[in-house]
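Participant: Each chain is listed here by its residues.
There are 2 protein chains.
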Amino acid sequence: MPLARTPDPPYWAVIFTSLRTPVDDAGYVQTAGDMEALAGQQPGYLGIESGARDADGLGITVSYWASEEAILAWRRHADHLAAQRAGRDTWYRAYELRVARVERAYGFVKGA
Amino acid sequence: MPLARTPDPPYWAVIFTSLRTPVDDAGYVQTAGDMEALAGQQPGYLGIESGARDADGLGITVSYWASEEAILAWRRHADHLAAQRAGRDTWYRAYELRVARVERAYGFVKGA
Numbered sequence: 001m002p003l004a005r006t007p008d009p010p011y012w013a014v015i016f017t018s019l020r021t022p023v024d025d026a027g028y029v030q031t032a033g034d035m036e037a038l039a040g041q042q043p044g045y046l047g048i049e050s051g052a053r054d055a056d057g058l059g060i061t062v063s064y065w066a067s068e069e070a071i072l073a074w075r076r077h078a079d080h081l082a083a084q085r086a087g088r089d090t091w092y093r094a095y096e097l098r099v100a101r102v103e104r105a106y107g108f109v110k111g112a
Numbered sequence: 001m002p003l004a005r006t007p008d009p010p011y012w013a014v015i016f017t018s019l020r021t022p023v024d025d026a027g028y029v030q031t032a033g034d035m036e037a038l039a040g041q042q043p044g045y046l047g048i049e050s051g052a053r054d055a056d057g058l059g060i061t062v063s064y065w066a067s068e069e070a071i072l073a074w075r076r077h078a079d080h081l082a083a084q085r086a087g088r089d090t091w092y093r094a095y096e097l098r099v100a101r102v103e104r105a106y107g108f109v110k111g112a
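So the protein sequences, as listed, match chains A and B. When we follow the working numbering, the leftmost residue of the first sequence carries the number 1, and every step to the right adds one. When we follow the working numbering, the leftmost residue of the second sequence carries the number 1, and every step to the right adds one.
These are computed hints drawn from the structure, not numbers from a lab. Any given hint could turn out to be false.
Covered stretches of chain A, as calculated for chain B (at least 3 residues, CB under 8 Å) [unchecked claim]:
#, stretch
1, 2-8
2, 83-93
3, 103-111
Every value quoted in this text rests on a predicted model; they were computed, and no experiment measured them. Every residue, glycine too, gets a C-beta built ideally from N, C-alpha and C.
Please model the entire structure based on the sequences and the hints provided.
Facilitator: Structure, rendered in structure tokens:
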């Protein structure tokens, strides 16, 4: 995955850090991909970055948004609500979701 | 790595997303570990979360801080400045560093 190309601050970030259960990996991967695609269609979406899980099952996904309202609307999207429920019922041992206002950003590109 | 145990908002997050070069992996891993340990000794440090790199070399590390001043002091720490320089010279193809104020947080622990 490339780095997200976000505008100059201020904008908003949703930092989602989670620990997976060992359950139902195929369903999880499918749903995670579906939610990433669906997020990209929402008003105010600016981009997403997601690494791989470490050996303990920790993964981080950060999505970027133009406003708090856009985050709230996406949080309440029906398909997303169903995925959130499946996440709590089946896929996550624990997670923390942090909503943050990006105040400053510094980029680096080699040779640029 | 476990999830970071952060206090109630507001607090600050530094979202560091990077793409690695294929260069000098042993030196990188050593320095990354040293910087994580050193960050943990700084005033205002609250915690850190770091996943694994994906197939494209994208990795995400988020560190949490009590104030903007704490972030600025860590950014200017001499050993950290040297590591930042090595990062730009050798280890990173590109990165984005975003400083954000965490306004809200929602946690989930299975069975809790």
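Participant: If a hint holds in the structure, say so; if it does not, say that too.
Facilitator: These are the hints, each one checked on the structure:
1. 2-8: Result for this restraint: holds, n = 4.
2. 83-93: holds (count 3)
3. 103-111: Held - the stretch 103-111 of chain A has 8 residues with a Cβ nearer than 8 Å to chain B, which meets the minimum of three.
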